[in-house]
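Participant: What follows is each chain in one-letter form.
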Amino acid sequence: MFARNCWYVAAWSHLLPAGTVIGRQILDEPIALYRTESGALVAMEDRCPHRLAPLSLGCVQGEQLQCRYHGLTFDMAGRCIGVPGAEKIPPGTNARTFPVAECDGWIWVWLGAPGAANEALIPRGFDLADRRFTMRYGEISYAADYQLVNDNLCDLSHLDFLHKTTLGGATAGGWSDQPPRVTPLERGVHIERWLKDRPVNPGGTDLTDIWSCYDFSAPGILVMRTTFYPRGAAERCGLAAPPDDLAPLLRRVDQQAVTPTGKKSCTYLFAAGFEGMTPSPVAMERMYKIVMDAFAEDRTMIEAQQRIWDLTPASRRNAFLPSDKAPHLFRKMLARLINQELKVSS
Amino acid sequence: MFARNCWYVAAWSHLLPAGTVIGRQILDEPIALYRTESGALVAMEDRCPHRLAPLSLGCVQGEQLQCRYHGLTFDMAGRCIGVPGAEKIPPGTNARTFPVAECDGWIWVWLGAPGAANEALIPRGFDLADRRFTMRYGEISYAADYQLVNDNLCDLSHLDFLHKTTLGGATAGGWSDQPPRVTPLERGVHIERWLKDRPVNPGGTDLTDIWSCYDFSAPGILVMRTTFYPRGAAERCGLAAPPDDLAPLLRRVDQQAVTPTGKKSCTYLFAAGFEGMTPSPVAMERMYKIVMDAFAEDRTMIEAQQRIWDLTPASRRNAFLPSDKAPHLFRKMLARLINQELKVSS
Amino acid sequence: MFARNCWYVAAWSHLLPAGTVIGRQILDEPIALYRTESGALVAMEDRCPHRLAPLSLGCVQGEQLQCRYHGLTFDMAGRCIGVPGAEKIPPGTNARTFPVAECDGWIWVWLGAPGAANEALIPRGFDLADRRFTMRYGEISYAADYQLVNDNLCDLSHLDFLHKTTLGGATAGGWSDQPPRVTPLERGVHIERWLKDRPVNPGGTDLTDIWSCYDFSAPGILVMRTTFYPRGAAERCGLAAPPDDLAPLLRRVDQQAVTPTGKKSCTYLFAAGFEGMTPSPVAMERMYKIVMDAFAEDRTMIEAQQRIWDLTPASRRNAFLPSDKAPHLFRKMLARLINQELKVSS
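Protein chains in written order, with numbering that gives the first Met the number 0: chain A, 0 to 345; chain B, 0 to 345; chain C, 0 to 345.
Be aware that a few hints might be false.
A pair holds if it fits inside one copy or across any two, identical chains being indistinguishable in the list.
Stated by the list, open to error - Below, simulated DSSO-like cross-link-like pairs (lysine-lysine); rule was C-alpha separation at most 27 Å, straight line:
#1 K163 - K331
#2 K342 - K87
#3 K195 - K342
#4 K263 - K195
#5 K87 - K262
#6 K342 - K163
#7 K324 - K288
#8 K87 - K288
#9 K324 - K87
#10 K195 - K163
Derived by calculation from the structure, the hints in this document are not laboratory data.
Construct the complete structure from the given sequences, taking the supplied hints into account.
Facilitator: And the structure:
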């Protein structure tokens, strides 16, 4: 079961230039995304109404999309406006379109009730077009239920174990000693914590305090700031959020989206970088390598977890730990969204 | 559902020399095809009655086939005539055989009621042993319902779009402007058309008229002539079939067979070439490359179409276009054959 | 259906050094096997009770196993003794363990009723730590029901056909002319035979008599001696078992285990070698190559047999040959064990 009345991230904006089309699958729904030659964005079902050929194999012609198989042409509203060899357009040849939006570097698609598509529901990240941000991008596929990836992102205590030599190594641990503060949001959770007295460089003796703070929002959007302050900042702030006028040493930012393609498969789109500074190419590369190594660790673990899940009777209950508060709240919130939709549709 | 009372193409004749055996799957039925050392052809179920080992892993000994696993030996009628370590042949050791025929370069197998196997039902192609034909051969596998491949072959309007730079490029289009003449046959469809004023060479100014004419017969057999005439021939013939005494510039011929291996998989055997001329090796190679490139385009499209089909509710109807007349008639004819078999067997 | 009250071979002992952990799957059950730093052996379910992460991705710390995902730590009895970020151990965090034993070079796991785990039920092989044995080891996976592999090992008549140029070539045949003597055992079958007048070397004229004798025991354990005597020995023994004081020319020994991982998949662990002599490296290599080539032939055949099985209606009966006595008795014995367990549990 998926929540449909959500904006799902389909792709990075910059990977769909004008005049191109790509195929995606979201919640088992095939989607053709195209950008017209004038730059408008369209999300259409990725099936020609004629014989179900995928329109993403087609080509953009001006503002229209033409099917590669038998040449049917569709306008931006999915109306069929051309059928080779036919004097008039036969019935049943219009394609469904989906509400689509572009925000913070991502293309978002709405698969729920079209009337409910409200762009205010898009979880806001960093405006990647803003020069203050210097980011690297990527995308990987998981052969796993997207909720297992959500669990992973809602509970960073695993950095000390799974990512001991990558992301966890960068802070020399500190993520699992005690749970963070977790606050439920209308459509997500807010998670924040101080990590105190962490080395500036792995193995070094210069120490720093780190403020980690992120929102995780439906359906699976992470927007995170990891801000490094001079040692002692955590205590001076009384372990509360640092005030805006407290000058940091460094701001790391992360923006990530989990999009289910099917029941046991998902894609994971991520950008990692810095705010308010231009890192050296070497520093950027080092940061990106740590992130990519960590994501490979995540994938190995989560896909293995999915395999064990599949071998385990559904009646088997999991244990609940203090660090499970955020993933637990998030799953409850998603279940609530799904139930609301079921009530409305029944 | 498959029509069983049809001759299915199992292999190219020339790929099964005397004394060899190969394994095939047709309509989910495993078939061992062997040619005895004296040249006779046998189609036997590809399972030893002892422990279901595939007989296609066995070896031909004279006129017999021996199982590679425990050495049981079968004669051409499938009778077990030798069991190592047994003084007499135990019961239940005979293998089923199928009617088999050889015609026009193909090996045909009949999976229906044995009494109904009538070689007159074999759709006739070109006699590939005849020196008038110079052909190249091939075979590819599709991860798709064979009826999607049949649809493709019954409606060549897709040459203008899917094969725009390959087969469609060779005629500079002309396939989709209007539908061809379609005539239903007892077990197939006949399709014919003129393409007028097509360039002799891609991009050239010398023009030619092309007569395209083929039968497509159950279960999925295409026999096609594409004949090039001097410009004006179409009009001189009143757009009807050209008379036999009208001298052509060139005769292209194609012979193809679609054989379902299972519900969503099939093989596609094809020969493409020329009649009444010996092309230069360069011309032959150029023709074959265009054909192979086009078949790769077909496979990409049809397998993608199958994936979309699998994601689409069965209740979803397709649109019907004028160019769908032939594929529609062919599907109806196949459904009629299947229904006839069901009535007889119930 | 599997017999659970059996010892299953999970791995070779020497492939699990102290301080390491590996993951296995037996009867669809994920198992983490670890050896503590002091050398004790533990078989634990390969799923952390927290969120089902596989413990086999974890790390051994002293006598304990720590989950790689969120750091839960388990003692040798599966008791959770550490949860990061929790002041006390939450309920539901203990992992199940399984009886485990080590014998003759193998690690054995018991998946049945724990109270019934009796090490006397372990089928005894050769003590591979004993210097009298010089062995080579290996393991391969089969995409097939393990009972098809058992069938194969219970009836060596296939050596004359499937292994004609490998194992069968080494004796110049002789396995299929007549069935061996087969004796039922409480949990297996005993199989023995003489092969008379076999060439010492393939194609040679010097002849030898070979005594082949093995037990095949539940769930799928083969322990075999193949002993070469001077020609005439078979007759001098009256075709009975050779007395202990009859000096052999050569003793080949084999020890093999078939372990089902799931319904249609299994692993096959084998050791092949010599007893009472140290072969030259060249002779050892030649023997091992023949064995490995033969096992590749087995795998090709058995996986193909499984594919045919899957395409065949369950109602289809197999034929029964004289050489089927041992596989037939073994299947009956296994079915009896399974039925006994069903009666006890109902």
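Participant: Evaluate each hint against the coordinates.
Facilitator: For each hint, the structure was consulted:
no. : hint        : in the structure
1   : K163 - K331 : neither (29 Å within a copy, 52 Å between copies)
2   : K342 - K87  : neither (42 Å within a copy, 40 Å between copies)
3   : K195 - K342 : neither (46 Å within a copy, 61 Å between copies)
4   : K263 - K195 : neither (38 Å within a copy, 53 Å between copies)
5   : K87 - K262  : neither (41 Å within a copy, 36 Å between copies)
6   : K342 - K163 : neither (44 Å within a copy, 50 Å between copies)
7   : K324 - K288 : neither (30 Å within a copy, 57 Å between copies)
8   : K87 - K288  : neither (57 Å within a copy, 37 Å between copies)
9   : K324 - K87  : between (60 Å within a copy, 16 Å between copies)
10  : K195 - K163 : within (17 Å within a copy, 64 Å between copies)
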